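> These are the residues of each chain, in order.
Number of protein chains: 2
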Amino acid sequence: MAAAADRRLERYAELAVRVGANVAEGQTVFISSEPAHLLLARALTRAAYAAGAAYVDVLYRDPHIRHAMVEYGPDAALAYTPEWLKVRAREGAGNANIATVGDAEPTLFADLDPERVGRARMTELAEIALGQLGEHSVNWTAVACPTAQWAEQIFGEPDLERLWDAVAFAVRLDEADPVAAWRGHIRELKGRAEQLNALHLDAVRYRGPGTDLTVGLLECSLWRAPEDETVSGITFVPNMPTEEVFTTPDCRRADGVVASTRPLALLGDVVEGLTLTLQAGLIVDVKATRGADLVRTQLETDEGSARLGELALVDGTSRVGETGLTFWNTLFDENAACHIAWGAAIPGTVRDREGDGVNVSSVHTDFMVGSDELEVDGLAADGRTVPLLRRNAWQLES
Amino acid sequence: MAAAADRRLERYAELAVRVGANVAEGQTVFISSEPAHLLLARALTRAAYAAGAAYVDVLYRDPHIRHAMVEYGPDAALAYTPEWLKVRAREGAGNANIATVGDAEPTLFADLDPERVGRARMTELAEIALGQLGEHSVNWTAVACPTAQWAEQIFGEPDLERLWDAVAFAVRLDEADPVAAWRGHIRELKGRAEQLNALHLDAVRYRGPGTDLTVGLLECSLWRAPEDETVSGITFVPNMPTEEVFTTPDCRRADGVVASTRPLALLGDVVEGLTLTLQAGLIVDVKATRGADLVRTQLETDEGSARLGELALVDGTSRVGETGLTFWNTLFDENAACHIAWGAAIPGTVRDREGDGVNVSSVHTDFMVGSDELEVDGLAADGRTVPLLRRNAWQLES
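Residue numbers (this note's numbering), protein chains in the order written: chain R, 1 to 398; chain W, 1001 to 1398.
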């Protein structure tokens, strides 16, 4: 690797460790990575020790091993969670966690039976992770790792350097002082969240091609910027890049039709041309030009999986949006455009911890609804309509 | 990958699963691999499910993560064993285990402080593994995975195909029916072990250039072929390739000097020109042209680490020996030539489970002593001297 690329990798890892997870002296740092990401995993390990980690514990997930399990394994293997994975996950409490994402092969599971793919979930692991989210016991972040295969999915050719450029731009590595740039960026997003909270909205309405959806908010719904804090007082940025302000909707109040504006990587395949119909909060119809069955399978997971858990607003000044690329990866594509999630609500986005209308589920899937043509309005309790986004531009004065 | 290479990989994996570990229906198969070996790990996973595995649990160790820990981690990290690794290791009992070996970078740790490298050991994991060996509760095997970097170490160029050819020859993949070939091979080695046991030897003497060493045997020492059996009756072949018959020496009786005839990969570096001096069973002097400190560090591990735990006889008909190659890898090099190990005795090579003179240690390191010039004699209790090996040829009639 060239020296410049080496330096970029080290700076990226340092940003993930110092700003993203914000690793504290003496913490164990759990890194969840893939064999295709090993250069980044190693750089993160070095950066974490440099930040004072007591121990860095790297686990490589290989999607091909899961693929073989779904294809050849017995039925009982599908939902099996090894005890040691649960022990490792529980050890996360009080410590730091960094995940490297970026599907090297987003359609790897497309040749498998979607029903078996849908059942291949380590539900017990998801529950431990959701519990720690709720307790705010882990400072964590997710960062993407460019790979040649991912570049091929985006550009039609394995132009790894071009993907690195796009990722570096999206995470502000091009700035002279990326850490300071991130502080300013998070401050700006916090300002937006405060503006939205001051409006005391009762609902959000989305209108655009194929979309007319109104989603109710709870009295306790809280708009948040993507900065979180653990119970021990460590602030962290859960995703890099991140460009959203988001809240929890009332999962009993959503009516209309919504058309997704970008492809969605889901369960090892890609969903395209997705349109959902909602009635009284429930997704009652799923249409898609590709992958509708994957969505239907996931919506059947549990009682909350077919109801909404998150509304997120992203405008056109988003660094990810500026690249003009479809990344085929949620971490990026959800930060290029407004999105909505079905499944679990995000802890910290309601004033009361639990309550009627806050969705509970073991799944959480974001789908993109933003575009230049999307109009987003806030509907205030007093009947006022407040324009939030027009032509991808933020409408509230800062 | 070409179709022929694909088929070879699948046949190799099947051999490791069916003959090596001999995976039984319903077992969990724990695979310990490296990112550099992922094609083999995936093939082993498919083969294990085809053999009826309930679940295949693959863990990739990345030596670069350990390297970063030794270089940048705090002192307390060196000997730390995460709880989940112990839980996973204990779950091995009653199940199958397959390790892929073959150091992609045998001198990876050479730039580090040897004293820290020596201390970087998960002793608790080694103890669990040794316990399971003693209980015969795991059917396991180790197979090597050719990589371009390993090929470069052997041939001076990254000729992966040539290394695959050598490995395939060594593990009898060139045979029309490798499974039948292995059955015949193991039968032959068992015959040799029986001949040796019938001699009731009191000691073994090694003579050659730089070597004159006599090692005592115990009355309960048992010569064994490399086929083992679990308490539940599953027979398995712990190493592929394997060409040895071996026994446990009396760790109180070894006197003389022994010169190693091949380089030895140890603790992430390579030891060359090794000569050991022994008195009353104890290694009292270590000389080497490279890596002597690594050996000394390991010999200081515990009370038994500077005493012998295994004698193994290999003759020139060995498939590994026939290749004429130095593999810089113990699994191969120990099957090309007679070898001796310092450290723990191997369970099953004494008639009584424990007793005076059976060495106990948490390390076990084989070093090669065989060559065309080495003469190995058995010294019988009645004073007879029985030639065992001359010019690398087996001297006992079969």
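I should point out that these hints are in silico values taken from the structure, not numbers from a laboratory.
This one's a predicted model, so the numbers in the text were calculated from it and none came from an experiment.
All residues carry an ideal CB built from backbone N, CA and C; glycine is no exception.
Be aware that a few hints might be false.
[To be verified] Computed footprint of chain W on chain R, listed as stretches where at least three residues anywhere in the stretch have a Cβ under 8 Å from a Cβ of chain W:
| hint | segment |
| --- | --- |
| 1 | 181-191 |
| 2 | 366-374 |
[What the hints assert, rightly or not] Pairs of lysine to aspartate or glutamate residues, derived as EDC-like cross-links and limited to a Cα-Cα distance of at most 16 Å, are as follows:
| hint | chain 1 | residue 1 | chain 2 | residue 2 |
| --- | --- | --- | --- | --- |
| 3 | R | K86 | W | E1083 |
| 4 | R | K86 | W | D1212 |
| 5 | R | K190 | R | E397 |
> Decide, hint by hint, whether the structure agrees.
Hints and how they fare:
no., hint, in the structure
1, 181-191, "violated (count 0)"
2, 366-374, "violated (count 0)"
3, R:K86 with W:E1083, "holds, 11 Å"
4, R:K86 with W:D1212, "violated, 54 Å"
5, R:K190 with R:E397, "holds, 14 Å"
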